[in-house]
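Given chain A's structure and the hints, the job is docking chain B onto it.
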Amino acid sequence: MKWTSWPAKPKERRATILAGLILWQALCALFFIGDVIEDFREDGHLDDPHLFLETIAALALVAGVMFLMVELRSLLARMGDMQVGLRVARGNMADVMKTFFDEWALTDAERDVAIMILKGLDNETIAEVRSTASGTVRAQATSIYAKSGTHGRAQFISLFMEELMSGEFGGGDSGETRDPSRSQSGPAATGPKGQETLF
Amino acid sequence: MTLGSVMTTDQSRGRGSVREVAVWDPLVRLIHWSLALAILLNSTIIDEDSKVHAWVGYTALGLVGTRLLWAVIGPKHARFSAFPPSPMRTVRYLRAVFAGEKELHLSHNPLGALMVYNLWLTVIALGVTGHMMTTISFYGVDWVEEAHEIAFGWLMASVALHVAGVAFDTWHSGVNLVRAMIVGRKNWPKGRETE
Chain A
548 MKWTSWPAKP KERRATILAG LILWQALCAL FFIGDVIEDF REDGHLDDPH LFLETIAALA
608 LVAGVMFLMV ELRSLLARMG DMQVGLRVAR GNMADVMKTF FDEWALTDAE RDVAIMILKG
668 LDNETIAEVR STASGTVRAQ ATSIYAKSGT HGRAQFISLF MEELMSGEFG GGDSGETRDP
728 SRSQSGPAAT GPKGQETLF
Chain B
155 MTLGSVMTTD QSRGRGSVRE VAVWDPLVRL IHWSLALAIL LNSTIIDEDS KVHAWVGYTA
215 LGLVGTRLLW AVIGPKHARF SAFPPSPMRT VRYLRAVFAG EKELHLSHNP LGALMVYNLW
275 LTVIALGVTG HMMTTISFYG VDWVEEAHEI AFGWLMASVA LHVAGVAFDT WHSGVNLVRA
335 MIVGRKNWPK GRETE
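Residue numbers (my numbering), protein chains in the order written: chain A, 548 to 746; chain B, 155 to 349.
Honestly, the hints are just simulated from the structure, not real lab data.
Treat the hints with caution; some may be incorrect.
Stated by the list, open to error - With a Cα cut of at most 27 angstroms, we get these calculated DSS-like pairs of lysine-lysine: (1) B:K256 to B:K230; (2) A:K694 to A:K558; (3) A:K666 to A:K556; (4) A:K558 to B:K230; (5) A:K556 to B:K230; (6) A:K666 to A:K694.
This is chain A alone, in the form it adopts within the complex (with noise of 0.2 angstroms):
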């Protein structure tokens, strides 16, 4: 469970850097209105200069503050936004993975082996992982290329950098893109299609 409150990514780290901004100048706002409020009281007349400009940089506080508020809430309205995409972009991703591990008929224990492979996992790990000898995974992972018909580690995780980078790819429910029978003679056969609509 993470609890880092310093956020990593930029947008989050705009955002937080943005609020204390607001924060601050709201403050210094306050400040300067209580002070002109007090000034006013003592001896009101707006015709002194400096209590005129006093005045005026209150407001320009003032304005200032709610400018930058209105901007923060776009802001996370934005990192809103791009976060459901994102969600949508992963739940579509796992779709297309299942359907790919369904066309292939692999094993239970493959889809592990094959999610930790598309993870980037080596098969040292992996076993380790799955508490097995590094020689069962080497022969899953075999079987997997072999069902995939792909020829290794770096072909079998191109079929899904294939999926993404398509056109295609999340366009509603065009059933081509998912489509495996399409990659089951390798990525070579797919290749000119996807630089198509890649382009």
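What follows is chain B alone, placed relative to chain A:
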């Protein structure tokens, strides 16, 4: 390292059981903890007759003022409309709690919302009476000082109830509220009713 990988793998397989929802924006969090700090400082270590006490008080007042403005301008969960002060909804919420139902609220739950308004109003009352004590016309006036004292007692009781409420809701709903107020996101069990 390896264990971390296992965790992520398991999470992705159990995808959808829990998801994180961004609830509290950075300004809300900043104001919350600043106000908590101001209250803590002014009620404990700062001498109440000192200038610092007055300035920390004004800062607290400014924090609440900024929060109120943000509740009009700000995003969905920070707005008044996300947690309207409603006795009806509070009664309904309490019934649900006693009936053992676990309804979840993205913003404050109705009872928590009442506490939020209570805390803000109390801080404002403290700020106003505190300021009055420094003015010529109210300096040394008994009822103002008494009002300040009473408001302070009320604030302390409210803070205690607030902390207890947070602890209860965390236990009852399973959503870690303290964490939510620090990182801004609530761990949301999927498929649960939201309001």
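Do the alpha carbons of A:K556 and B:K230 lie within 27 angstroms of each other, as the hint requires?
With a Cα-Cα distance of about 22 angstroms, the restraint between A:K556 and B:K230 holds, given a limit of 27 angstroms.
Please work out if B:K256 and B:K230 have their alpha carbons no farther apart than 27 angstroms.
23 angstroms, holds
Take the C-alpha atoms of A:K694 and A:K558, compute the straight-line distance between them, and say whether it is at most 27 angstroms.
Cα-Cα ~42 angstroms, so violated.
For the pair supplied as a hint, A:K558 and B:K230, confirm whether the alpha-carbon distance does not exceed 27 angstroms.
19 angstroms, holds
Sort out whether A:K694 lies within 27 angstroms of A:K666, counting only the CA atoms.
19 angstroms, holds
With a cut-off of 27 angstroms on the C-alpha distance, tell me whether A:K666 and A:K556 pass.
21 angstroms, holds
Consistency note: the structure conflicts with earlier hint 2 alone.
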